[in-house]
Amino acid sequence: MRRPQQLKNKKLLAGPYLFWAAAFVIIPLIMIFYYGFTDNDGAFTLTNLAGIASAENLKALGLSLVLSLISTAVCLVLAYPLATILIDLNIGKSGFLVVVFVLPMWMNFLLRTMAWQTLLEKNGVINTFLSLFGLEPLALINTPGAIVLGMVYNFLPFMILPIYNVLCKMDQDVINAARDLGASPRQTFTKIIWPLSLPGVISGITMVFIPALTTFVISDLLGGSKILLIGNVIEQSFTQANDWHVGSGLSLVLMIFIIFSMMFMQKYDKNGEGGVF
Amino acid sequence: MVDISKSFGDTKVIDEMNLYIRENEFLTLLGPSGCGKTTTLRLLGGFEQPDTGHIIFDGKEMNSIPPNKRQLNTVFQKYALFTHMTIAENIAFGLKIHNKSQSYIDDKIKYALKLVNLEGFEERMPDSLSGGQQQRVAIARAIVNEPKVLLLDEPLGALDLKLRQDMQYELIRLKNELGITFVYVTHDQEEALTMSDTIVVMNQGYIQQIGTPEDIYNEPQNAFVADFIGDSNILPAVMVRDRLVRILGVDFPCVDEGFGSNTPVDAVIRPEDLEIVKPEDGILTGTVTSLIFKGVHYEMTVMSHDFEWLVHSTSMSEVGKEVGLTVIPFNIQIMNKPESEDEEAAAIEE
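The listed protein sequences correspond, in order, to chains A and B. Residue numbers for the first sequence follow numbering that gives the first Met the number 0, so the first one is 0 and each next one is one higher. Residue numbers for the second sequence follow numbering that gives the first Met the number 0, so the first one is 0 and each next one is one higher.
Because the hints were derived from the structure by calculation, they are not lab data. Ideal Cβ placement from N, Cα and C applies to all residues, glycine included. Treat the hints with care, as some may be off.
[Said to hold, decoys possible] Derived EDC-like pairs: lysine to aspartate or glutamate, alpha-carbon spacing no greater than 20 Å straight-line:
no., chain 1, residue 1, chain 2, residue 2
1, A, Lys168, B, Asp126
2, A, Lys190, B, Glu88
3, A, Lys190, B, Asp159
4, B, Lys68, A, Asp172
5, A, Lys190, B, Asp214
6, B, Lys77, A, Glu55
7, B, Lys77, A, Asp38
8, A, Lys190, B, Asp196
[To be verified] In silico negatives: residues of chain A with every beta carbon more than 10 Å from chain B:
no., residue
9, Ala21
10, Leu81
11, Leu227
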């Protein structure tokens with residue numbers, strides 16, 4: 000008799016979250032779907048979705064994909080060795096280093112990106128420094144490179160932490176066992192450490208790739224108005240063109256892209272350890 | 000086959016240890032946790048480097064050889080199976096590294112799984128196996144590489160009693176079938192007595208005694224060994240002269256000679272060697288203060304001369320009863336008394 004009572008009470012505990020989810024996740028999603036599939040007169044249409052097919056938008060989507068893939072790859076290349084180094088350090092030191100890498104996250108994301116703007120500007124810190132040595136100023140800002148830099152800088156901790164976590168949990172004796180069975184250090188890495196760390200890698204990739212694909216702030220601040228990513232196109236259709244229908248349609252297309260890429264990732268994350276979803 | 004001498008670590012885990020492991024023997028490193036037994040094994044495996052001293056294998060210095068180039072394999076305490084591979088892939092790992100042919104590998108997998116009674120488990124994943132099964136896979140994975148020495152680090156520690164006993168017999172059978180040297184680490188004295196040809200009792204980085212299970216049990220060389228291997232009554236005593244020892248002021252005939260006269264010693268009497276008799280027939284008389292039924296025997300304590308004597312007997316005497324205790328001379332074990340901790344360790348060095 001007591002059990003159902005308890006269960007009922009427990010369900011009540013989910014109430015605040017359910018309210019939150021309904022108000023800020025489900026209702027906005029329904030609105031996006033509504034706007035995405037209707038025109039100004041409220042009639043059903045697919046033209047908003049088809050808007051992605053315009054040359055300009057396809058270019059933006061393509062560029063977004065390329066830049067976020069590059070950023071993800073750079074993050075992985077930086078983060079994996081770093082996480083390995085962190086593991087090898089003793090607890091006290093590695094704790095300090097983790098804080099160093101997470102520290103930037105304690106500052107506002109916009110401020111950090113704006114700081115890069117100041118550094119990279121035509122008359123910014125880096126070019127001023129170069130001119131001291133009589134060197135020509137470099138065109139740093141408003142390039143795809145600057146956007147990639149901003150993405151890597153902002154999202155790197157999201158790659159480090161899951162990889163660090165999964166490496167941390169790895170049983171040292173599993174690595175010893177591989178060595179014991181005759182594997183060289185390199186074979187041990189490719190056959191044991193890397194496959195076993197894949198869940199962390201995949202979760203890192205997802206956590207970097209998705210925000211990189213959808214960002215518009217980084218490309219806005221570091222890419223100027225010259226380089227449009229799909230995020231900028233969507234943002235502009237909401238704020239400048241005031242066309243919620245096209246913006247919603249494009250958002251839906253982007254969501255489909257993300258869902259597909261997640262499904263693709265999930266296939267490699269067999270046992271679901273360390274996954275974010 | 001192996002001669003080791005090394006000290007190790009910030010805090011000395013192993014201090015100038017010398018150990019000779021013969022070919023084809025079942026050698027057990029036995030001791031309480033933190034005595035350096037696992038470290039010794041890891042030194043042999045190559046996962047730790049000795050600070051000083053040499054590890055010599057078949058006449059060749061091994062110190063600088065990395066683990067993957069050593070002709071020995073290890074069975075780890077927590078199995079350390081590769082969870083992303085099937086059982087067959089786990090077992091084949093070492094063979095694939097050594098570029099063996101696929102048909103050779105397949106034969107070996109079959110042979111190894113048969114040896115550990117896990118036929119048909121090829122395609123299972125390690126996580127789907129029980130602890131005992133995982134343990135057997137770990138053993139199979141090690142032995143397919145035909146090592147000259149198999150190192151086992153408390154391999155049965157995580158198993159329940161029944162399974163542990165079964166696995167003990169399995170391991171003995173395996174060792175006899177394979178004809179290779181086993182170096183086995185455990186803190187379980189019963190396990191060590193059951194399985195070993197040679198037992199090395201360790202404490203605080205020092206070897207306390209090396210010997211056959213019978214030697215270690217019947218003739219412990221010092222109080223630590225006597226206490227660690229089975230229950231015992233350890234008493235300060237004086238060797239009055241050859242074949243006569245005075246324990247708690249009472250003279251006992253014994254069989255030991257050569258300790259000199261009036262020398263302080265330690266005497267060990269195993270609880271099963273004490274016999275309960277009528278008060279008038281005993282060398283000692285005392286009162287039974289506790290009685291516990293242990294299955295095969297009763298465990299009693301008898302208060303006599305201000306000492307609680309531990310007695311194992313198949314017949315019981317009620318608490319409060321006046322009894323006599325006797326022991327035959329052969330069953331009193333006399334040991335030199337260590338004058339200090341350091342000397343204790345030094346005296347025991349072999």
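Tested hints:
1. A:Lys168 / B:Asp126: holds, 16 Å
2. A:Lys190 / B:Glu88: Given pair Lys190 (chain A), Glu88 (chain B) holds - Cα atoms ~11 Å apart, limit 20 Å.
3. A:Lys190 / B:Asp159: violated, 33 Å
4. B:Lys68 / A:Asp172: Holds, because 17 Å separates the two Cα atoms, which is no more than 20 Å.
5. A:Lys190 / B:Asp214: Since the Cα atoms of Lys190 (chain A) and Asp214 (chain B) sit roughly 46 Å apart, the hinted pair is violated (cutoff 20 Å).
6. B:Lys77 / A:Glu55: Not satisfied, since the Cα-Cα distance of roughly 58 Å exceeds 20 Å.
7. B:Lys77 / A:Asp38: This hinted pair is violated, its Cα atoms lying about 63 Å apart.
8. A:Lys190 / B:Asp196: Judged against 20 Å, a Cα distance of about 38 Å means the pair is violated.
9. Ala21: holds, 38 Å
10. Leu81: For Leu81 (chain A), whose nearest Cβ neighbour in chain B is about 23 Å away, the distance exceeds 10 Å, so it holds.
11. Leu227: holds, 42 Å
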